[in-house]
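Colleague: Here is how the chains run, residue by residue.
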Amino acid sequence: MKNNIRIERAIKDITQADLAGLIGVSRQTINTIESNRYVPSTVLALKIARVFGKPVEEIFMLDETD
Amino acid sequence: MSKILDICKISFTFGQPNLTIMKTRFLFPYWCRFLGYALFLIHIPVLLLRKVLGFDVPGQDISDGIFSSHHLFFMTTTLLMAIGLFLAAFSKEKIEDEQISQLRLDSLQWAIYVNYVLLVVSLILSNDTQHILFLNLLVPLVFFIIRFQWKLYQNNRMLRKDENLR
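In order, the protein sequence lines correspond to chains H and U.
Sequential numbering from 519 applies to the first sequence in the working numbering.
Sequential numbering from 30 applies to the second sequence in the working numbering.
Everything labelled a hint here was simulated from the structure, so no lab data went into it.
It cannot be assumed that every hint is accurate.
Claimed, not checked - Below, simulated DSS-like cross-link-like pairs (lysine-lysine); rule was C-alpha separation at most 25 Å, straight line:
(1) H:Lys520 <-> U:Lys123
(2) U:Lys123 <-> U:Lys190
(3) U:Lys190 <-> H:Lys530
(4) U:Lys123 <-> H:Lys565
(5) H:Lys565 <-> U:Lys121
(6) H:Lys520 <-> H:Lys530
(7) U:Lys180 <-> H:Lys520
(8) H:Lys530 <-> H:Lys572
(9) U:Lys121 <-> U:Lys180
Start from the sequences and build out the full structure, keeping to the hints where you can.
Modeller: Okay, structure coming up:
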């Protein structure tokens, strides 16, 4: 699974720590998601999408291997 | 009918306002980690004292019942070690979230694998059941703690690297 949290963060001009604080997880978790080392649960994905005000599909996409 | 369903819903969700609480029900508070490490550290001098006082000489004082000095010393050191490791292994992180639970589960799986391999190998190669039992008490928790903390350290290092890039 791919994601463009990094880009969305840049648009909204917030840091990983800000995003982590907004959805109540650790900075490490945001970092592992951004670098594709961890696939978030549906709940967490929906929370991230809500912060950016976009549907989940615009932030998380399937890639060829999924 | 819908009223009954509502009542069911209420009674099932009562006391569990969100998922994170449910997930971390079986973990000790954060400070228990330090208590755990302290107990483990305390067990080392007691163990050394046991060796120095010579309670470990084979054949001596064994099978004298629960209150023999040999057994009391053995119980003290083993309990200190086991409880210490247990608290250190199963206490919460500062921020407890789903990624940490995933890491914890992965590490537990690895610990069980390693323990089983060691157990089978030691059962094949030796018949010293007392030491095998002791190893079995120690290995899963120690391996779990090391693997879990190593992964946390790796995550922290990558986070720092990432922050330095910007």
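Colleague: Taking the hints in turn, state whether each one holds.
Modeller: These are the hints, each one checked on the structure:
1. H:Lys520 <-> U:Lys123: violated (28 Å)
2. U:Lys123 <-> U:Lys190: At roughly 21 Å apart (the allowed maximum being 25 Å), U:Lys190 and U:Lys123 satisfy the hint.
3. U:Lys190 <-> H:Lys530: holds (22 Å)
4. U:Lys123 <-> H:Lys565: holds (21 Å)
5. H:Lys565 <-> U:Lys121: holds (23 Å)
6. H:Lys520 <-> H:Lys530: holds (19 Å)
7. U:Lys180 <-> H:Lys520: The hint holds at about 22 Å.
8. H:Lys530 <-> H:Lys572: holds (12 Å)
9. U:Lys121 <-> U:Lys180: Holds, because 15 Å separates the two Cα atoms, which is no more than 25 Å.
In the structure shown, a violation is registered for the earlier hint numbered 1 alone.
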